[in-house]
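Given next are the chains, with one letter for each unit.
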Amino acid sequence: MSSFENNPSVKKYMSFFDEQAKVLPRSRQVTLRAEILSHISALLPENAEPEAVSVALRQLGSPVEIVSQELEMSPEPTTTKGGRADRVALVVIAVLATIWLGLAGTPLLLTTIAPTPGWLLIACGFVMIISAVALVMSLRRLRH
Amino acid sequence: MAQNTASTQLRRGVIGPCILVLLCSGPRYGLQLVRELDEVGGLLTSQGTIYPLLNRLQESGFVTSQWEVESDERPKRYYQITQAGREEAETFKRDWGHFTQSVATLLDQLPTKNTDEETK
Chain A
1 MSSFENNPSV KKYMSFFDEQ AKVLPRSRQV TLRAEILSHI SALLPENAEP EAVSVALRQL
61 GSPVEIVSQE LEMSPEPTTT KGGRADRVAL VVIAVLATIW LGLAGTPLLL TTIAPTPGWL
121 LIACGFVMII SAVALVMSLR RLRH
Chain B
1 MAQNTASTQL RRGVIGPCIL VLLCSGPRYG LQLVRELDEV GGLLTSQGTI YPLLNRLQES
61 GFVTSQWEVE SDERPKRYYQ ITQAGREEAE TFKRDWGHFT QSVATLLDQL PTKNTDEETK
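Sequences listed follow chains A and B, in order. Under the numbering used here, read the first sequence as residues 1 to 144, first letter to last. Under the numbering used here, read the second sequence as residues 1 to 120, first letter to last.
Simulated from the structure, these hints should not be mistaken for laboratory data. Treat the hints with caution; some may be incorrect.
Stated by the list, open to error - The calculated label-pair distances, taken between Cβ atoms and stated as ranges, are:
#1 A/Arg-143 with B/Arg-94: 46 to 56 angstroms
#2 B/Arg-12 with A/Ala-34: 39 to 49 angstroms
#3 A/Gln-59 with B/Ala-6: 46 to 56 angstroms
#4 B/Arg-11 with A/Leu-96: 47 to 57 angstroms
#5 A/Ile-130 with B/Arg-11: 50 to 60 angstroms
#6 A/Val-92 with B/Arg-12: 37 to 47 angstroms
#7 A/Val-55 with B/Glu-87: 33 to 43 angstroms
#8 A/Glu-72 with B/Ser-71: 34 to 44 angstroms
#9 A/Val-91 with B/Ala-84: 17 to 27 angstroms
Said to hold, decoys possible - With the C-beta cut set under 8 angstroms, the calculated list includes, among others, these residues of chain B facing chain A:
#10 Pro-27
#11 Leu-31
#12 Gly-48
#13 Tyr-51
#14 Arg-77
To be verified - Lysine-lysine pairs mimicking DSSO-like chemistry, simulated, CA-CA at most 27 angstroms apart:
#15 A/Lys-22 with B/Lys-93
#16 A/Lys-11 with B/Lys-93
#17 A/Lys-12 with A/Lys-22
#18 A/Lys-12 with B/Lys-76
#19 A/Lys-11 with A/Lys-22
Every residue, glycine too, gets a C-beta built ideally from N, C-alpha and C.
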């Protein structure tokens with residue numbers, strides 16, 4: 001780490017920047033961070049006085065302002081028709097998987113009442129596994 | 001308040017093309033561009049906001065960039081203009097002439113109208 005990065009004011013500034021920049025895509029966070037640090041490095045001489053550091057950071061501008069500008073410049077977020085259709089499809093998959101899970105589980109419950117063919121139990125078990133995986137994956141995608 | 005909003009919008013509208021015009025004369029890194037913009041004054045609200053602008057220009061295909069390391073210094077990201085960027089800068093220079101002429105004509109009329117109202 002360069003000497004200016006160890007400066008308390010710079011560390012505090014970059015920590016605040018990192019907090020504000022969380023709303024940005026990861027790759028953009030990394031690039032913008034590198035550019036800000038490069039900018040500060042070019043602005044400040046080696047072992048700059050605290051007052052010079054404060055002036056430089058003031059001229060650089062608040063991380064809030066920089067991130068706001070970045071968000072303003074970014075393309076529209078993908079809450080488009082395509083995005084919504086994907087979410088609807090995932091909900092349908094989750095519902096169907098739940099229904100199949102229930103249906104496939106019924107013969108397993110019936111074994112307590114009456115003998116059930118082995119092949120049926122194996123088939124139901126297979127369907128239950130597939131349904132459970134589909135349900136879990138669709139719920140995970142919906143959460144993101 | 002209305003004037004501040006108009007000035008803000010105006011600044012936002014011209015800052016990108018102004019950066020392209022500067023890059024027409026050669027590649028520059030962020031702080032270099034900031035200093036040249038500061039020399040003419042009033043175009044950037046704060047220095048750090050130039051980086052989102054440059055990113056947008058790059059995404060639009062008007063500039064490209066590369067990181068360069070100079071001796072013991074921290075790497076700097078140099079921006080250079082593309083052909084599309086040059087064409088955009090040329091279009092801006094042409095349109096700006098018409099735009100300023102139109103606005104100047106309108107503004108010239110204002111003192112005359114105010115004087116007429118005062119004498120009534």
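Hint by hint, here is what the structure shows:
1. For the pair A/Arg-143 and B/Arg-94, the supplied restraint of 46 to 56 angstroms holds, since their beta-carbon distance comes to about 51 angstroms.
2. Taking 39 to 49 angstroms as the suggested C-beta distance range, the pair B/Arg-12 and A/Ala-34 does not conform, at roughly 25 angstroms.
3. The beta-carbon spacing between A/Gln-59 and B/Ala-6, approximately 25 angstroms, falls outside the hinted interval of 46 to 56 angstroms.
4. One distance hint, 47 to 57 angstroms for the beta-carbon pair B/Arg-11 and A/Leu-96, holds here, with the actual separation near 54 angstroms.
5. As the Cβ distance of A/Ile-130 to B/Arg-11 is approximately 58 angstroms, the hint placing it in 50 to 60 angstroms holds.
6. At about 43 angstroms, the beta-carbon gap between A/Val-92 and B/Arg-12 stays in the expected band of 37 to 47 angstroms.
7. Range check, A/Val-55 to B/Glu-87: about 39 angstroms between beta-carbon atoms, so the 33 to 43 angstroms window is met.
8. Between A/Glu-72 and B/Ser-71 the beta carbons are some 36 angstroms apart, a value that agrees with the proposed interval 34 to 44 angstroms.
9. Taking 17 to 27 angstroms as the suggested C-beta distance range, the pair A/Val-91 and B/Ala-84 does not conform, at roughly 42 angstroms.
10. Checking B/Pro-27 against chain A: minimum C-beta separation of about 15 angstroms lies over 8 angstroms; hint violated.
11. With a least beta-carbon distance of about 5 angstroms to chain A, the hint placing B/Leu-31 at the interface is held under the 8 angstroms criterion.
12. A least Cβ separation of about 4 angstroms between B/Gly-48 and chain A falls short of the 8 angstroms threshold, and the interface hint therefore holds.
13. A cut of 8 angstroms between beta carbons decides the hint on B/Tyr-51: the least distance to chain A is about 5 angstroms, and the hint holds.
14. Of the supplied interface hints, the one on B/Arg-77 holds, with its beta-carbon coming within about 6 angstroms of a beta-carbon of chain A, less than 8 angstroms.
15. Restraint check for A/Lys-22 and B/Lys-93: not satisfied, since their Cα atoms lie roughly 38 angstroms apart, outside the 27 angstroms limit.
16. With a C-alpha separation of about 42 angstroms, the suggested pair A/Lys-11 and B/Lys-93 falls outside the 27 angstroms cut-off, and the hint is violated.
17. Of the pairs offered as hints, the one joining A/Lys-12 and A/Lys-22 holds, with about 16 angstroms between alpha carbons and a cut-off of 27 angstroms not exceeded.
18. Between A/Lys-12 and B/Lys-76 the CA atoms are separated by roughly 22 angstroms; this keeps the pair inside 27 angstroms, and the hint holds.
19. Of the pairs offered as hints, the one joining A/Lys-11 and A/Lys-22 holds, with about 17 angstroms between alpha carbons and a cut-off of 27 angstroms not exceeded.
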